[in-house]
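Following the hints, put chain B with the ligand in place on chain A, whose structure we already have.
Residues per chain are reported as follows:
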Amino acid sequence: MADHPLVLGIETSCDETGVGIVRGSTLLADALASSVDEHARFGGVVPEVASRAHLEAMVPTIERAAATAGVRLADLDAVAVTAGPGLAGALLVGVAAAKAIAYGLGKPLYGVNHLAAHVAVDRLEHGDLPVPSIAMLVSGGHSSLLLVEDLATGVQPLGATLDDAAGEAFDKVARLLGLPFPGGPEIDRTARTGDPAYVTFPRGLTGHRDLAEHRFDFSFAGLKTAVARWVEARERDGEPVPLADVAASFQEAVVDVLTRKALAACQELAVDTLLIGGGVAANSRLRALAAERCSRAGVHLRIPRPGLCTDNGAMVAALGVALVQAGVAPTALDLGADSGLPVTTVAV
Amino acid sequence: MLVLAFDTATPAVTVAVSDGAQVLAEWSAVDPRRHGELLAPGIERVLSEAALRPADLDSIAVGVGPGPYTSLRVGVVTARTLGAVLGIPVHGVCTLDAIALDAVGLDPGLAGTPFVVATDARRREVYWARYVDGARVEGPGVVKPADLHWVGPVVGYGATLYPEHLPRGRAPEHARAAAVAAHVEAGLPTLEPVPLYLRKPDATMPTVPRRVLA
Ligand SMILES: [Zn+2]
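Just so you know, the sequences run in chain order A and B.
Heads up, the working numbering is the position in the first sequence plus 195, with the first residue counted as 1.
Heads up, the working numbering is the position in the second sequence plus 875, with the first residue counted as 1.
Because the hints were derived from the structure by calculation, they are not lab data.
Misleading hints may appear alongside valid ones.
[What the hints assert, rightly or not] With a straight-line Cα cutoff of 16 angstroms, these simulated EDC-like cross-link-like pairs (lysine to aspartate or glutamate) come out:
#1 B:K1075 with B:E1060
#2 B:K1019 with B:E1039
#3 B:K1075 with A:E233
#4 B:K1075 with A:E243
#5 B:K1075 with B:E1000
[Stated by the list, open to error] Just so you have them, the derived chain A footprint on chain B, three or more residues with Cβ under 8 angstroms:
#6 905 to 919
#7 1067 to 1077
[To be verified] Derived list of chain A stretches under chain B, where covered just means 3 residues or more per stretch with a C-beta under 8 angstroms from a C-beta of chain B:
#8 240 to 247
#9 291 to 297
#10 506 to 514
#11 526 to 536
Remember, it's a predicted structure, so these values are computed and weren't measured experimentally.
Backbone N, C-alpha and C fix where the C-beta goes; we use that ideal spot for every residue, glycine too.
Next up, chain A with everything else stripped away, as it sits in the complex:
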């Protein structure tokens, strides 16, 4: 092992059951089972449905990961698991499974932070992350700006959403436009033929006073309401709603604020690397605008491929490797799930 520990990572914080196996910075397996289809008709993730699905998927997903990686679990150097933040009941399924592997095979256990794992996964594609870096994590469950000073020990929150997560805003706007769940990919696709300047929707927390108090925070609830108002006014007047234009204008408002604040953080803290992760990082307009603005600002942009941006087990394994390499002490077997685990706690 030494420099290239073999680590299995388990992720169950939301609706994806992920088991990844990483050796050093090499991804060997990234097995995933998703219950997203079971949630679609509810328009959002139903915690009990997700927890039941995690239980059913857990052992088959572990076995699939081991088979894909071509390793014996007995050869693992450590087991890592998302301890939070996330849905408490869902997290607990993964935590219990990880403990069973760790205790059953006599391996060290690491309870890790989901957000830090989103940052760590980029190592698998782009090598070690230069520090300090700014990380922006945007998904259906979180929207955070972080200062990463040390992946294993030093992650500081700069800002977060005050209301809806970015991905949640996509889901809700998709719903009011009559598009299916999950809304992110639907809005992205619909927006492609639309005019992003058709409606100038509000950019939350970008006014002078807001910037003083919430420099790096986000707010998407007002934007969602603005879209709803606009659509309703159209319908009231008996005019058709230009779906593609509304989707493009909404999406532009979201990615404009996200990239503006991320780059402001880079500039103010004199950091020249920006990493974007989370499910919304798969959004094509976010990727394009971030690339454009980063290159203008001289900031290196790192975005993992879409499959590694969404929740998965590989990211947990990647963070586990970093913790083993940094010599961080393993977690005791009385590890619990912490749905509100602060980002400053990288390893429990």
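Relative to the frame of chain A, chain B with the ligand by itself:
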């Protein structure tokens, strides 16, 4: 044949290891909110007390409820995963059956009397099953205590919670892993290690209205 047994479907986290002839070690704690934290250390403690390693085990027996879902899943996923990594079989035991077996062990006279096992199902309901000659003849089900209309002996925490409807309460209140092991060792019917949920998930349509101004 060494069997590791545990149950997390009642307020107790309970673990035992048995060699078929006797219980080698057992440990229980009543802490309904901390099953997730307590189970693995409990297993570690019981095996080390019996001077055993996980690899020595021949099978696992787990209580599959019915019981509160989050804690119930902790036991079932632990059993399945441990069974998978050790390559040993995992047997499910209806938690109410284990409580019934325990009750008859404590009071052999109960075997000749029809009785009910009732545990806390929350929401002012109980999980229940009815036993004749120690064997389950009805249930498991979930019901309001008043709707059980049962005047005979009642084993389990349900009687502690609802004495007005279930006045003839008997020990034990909670599951005990030694009884889960005994159930398997006695050759009584086992189940797949799948939770007996008995209720559909609470999944209501989101309250976010399509019309925010309507
Ligand atoms: Zn995530």
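Now for the hints, and whether the structure bears them out:
1. At most 16 angstroms may separate the alpha-carbon atoms for a hinted pair to count; K1075 (chain B) and E1060 (chain B) exceed this at roughly 32 angstroms.
2. For the hint linking K1019 (chain B) to E1039 (chain B), the alpha-carbon distance of about 12 angstroms falls within 16 angstroms, and the restraint holds.
3. Restraint check for K1075 (chain B) and E233 (chain A): the C-alpha separation of about 13 angstroms stays at or below 16 angstroms, so the hint holds.
4. For the hint pairing K1075 (chain B) with E243 (chain A), the CA-to-CA distance comes to about 9 angstroms; that is within 16 angstroms, so the pair holds.
5. With a C-alpha separation of about 15 angstroms, the suggested pair K1075 (chain B) and E1000 (chain B) falls inside the 16 angstroms cut-off, and the hint holds.
6. Here's how the region 905 to 919 of chain B fares: 9 of its residues keep a CB closer than 8 angstroms to some CB of chain A, so the rule of at least three is met and the hint holds.
7. As drawn, the region 1067 to 1077 of chain B meets chain A at 4 residues by the rule of a beta-carbon pair under 8 angstroms; at three or more, the given contact holds.
8. Coverage of the region 240 to 247 of chain A by chain B holds. Counting CB-CB distances below 8 angstroms, 5 residues qualify, and the rule asks for three or more.
9. Counting residues of the region 291 to 297 of chain A whose CB lies closer than 8 angstroms to any CB of chain B gives 5, which reaches the minimum of 3, so the coverage claim holds.
10. Residue count for the region 506 to 514 of chain A with a Cβ under 8 angstroms from a Cβ of chain B: 0. That is fewer than the three needed, and the coverage hint is violated.
11. Residues of the region 526 to 536 of chain A with a Cβ under 8 angstroms from some Cβ of chain B number 6, which satisfies the need for three, so the listed coverage holds.
Figure legend: structure checked against the earlier numbered hints; hints not met, in rising order: 1 and 10.
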